[in-house]
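*Asks:* Residue-level listing of the chains:
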Amino acid sequence: MKKVKVYSTPACPFCTMVKRFLKEHGIEFEDINVQEDFEAAQEMIRISGQTGVPVIEIDGEVIIGFDEPRLKKVLGIK
Amino acid sequence: MNKEELRKLSEKYAKSKGFKLNPNEQIVDVILEGLLKNEKEYGYRYCPCRPVSGDLDEDRDKICPCKWHKDEIKEMGHCHCNLFVKGD
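Respectively, the protein sequence lines represent chains H and S. Using our numbering, the first residue of the first sequence is number 1, and each one after it goes up by one. Using our numbering, the first residue of the second sequence is number 1, and each one after it goes up by one.
Note that these hints are calculated values from the structure, not bench results. The hints are all genuine.
With a Cα cut of at most 20 Å, we get these calculated SDA-like pairs of lysine to any residue:
| no. | chain 1 | residue 1 | chain 2 | residue 2 |
| --- | --- | --- | --- | --- |
| 1 | H | 19 | H | 31 |
| 2 | S | 67 | H | 50 |
| 3 | H | 19 | S | 27 |
| 4 | S | 37 | H | 37 |
| 5 | S | 40 | H | 10 |
| 6 | S | 70 | H | 49 |
| 7 | S | 70 | H | 50 |
| 8 | S | 37 | H | 14 |
| 9 | S | 86 | S | 13 |
| 10 | S | 86 | H | 14 |
| 11 | S | 40 | H | 33 |
| 12 | S | 67 | H | 45 |
| 13 | H | 3 | H | 40 |
| 14 | S | 40 | H | 37 |
| 15 | S | 74 | H | 50 |
| 16 | S | 37 | H | 36 |
| 17 | S | 67 | H | 48 |
| 18 | S | 67 | S | 36 |
| 19 | S | 37 | H | 16 |
| 20 | S | 37 | H | 33 |
From the derived model, a few chain H residues whose C-beta atoms are all more than 12 Å from chain S:
| no. | residue |
| --- | --- |
| 21 | 25 |
| 22 | 57 |
| 23 | 59 |
| 24 | 63 |
| 25 | 73 |
| 26 | 75 |
Note that CB positions come from ideal geometry on N, CA and C, so glycine has one too.
Okay, chain H solo, but in the shape it has when bound (with noise of 0.2 Å):
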């Protein structure tokens, strides 16, 4: 099973529309709310290179924003 976090913060529409897709999907998924969680807001800063939120990492492989078609592909869905 691949290893998704998904940097959000609660006002964030696209960080609602990125969690829906992925529960929909019924992919687990790791919710880290930057808006709380300061250390992970610079992590998310250093491997997406800015400040926005929803940021997804896949396996490594980071997803700046719903992406909906790489969101597929990195994840293997139809």
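Starting from the known structure of chain H, arrange chain S on it as the hints suggest.
*Replies:* Structure of chain S alone, referenced to chain H:
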């Protein structure tokens, strides 16, 4: 400031810069609520789609309209959090 006042202020700002608020009202509602929540919590309307440290010097660029919104609208047609979109 309440949500409707902030919506009007945001609309006025968008119009003055040649862009507009996202026509998807649900997205705008969530973003406005996030901005007001950040204002209540931190004293400034920080973008709700970016992590905030609580240190104004560090977070100044994230106050809405953020430092990056014009470039993002130019490049992607919308700002990162989708409050502002390209004008007609």
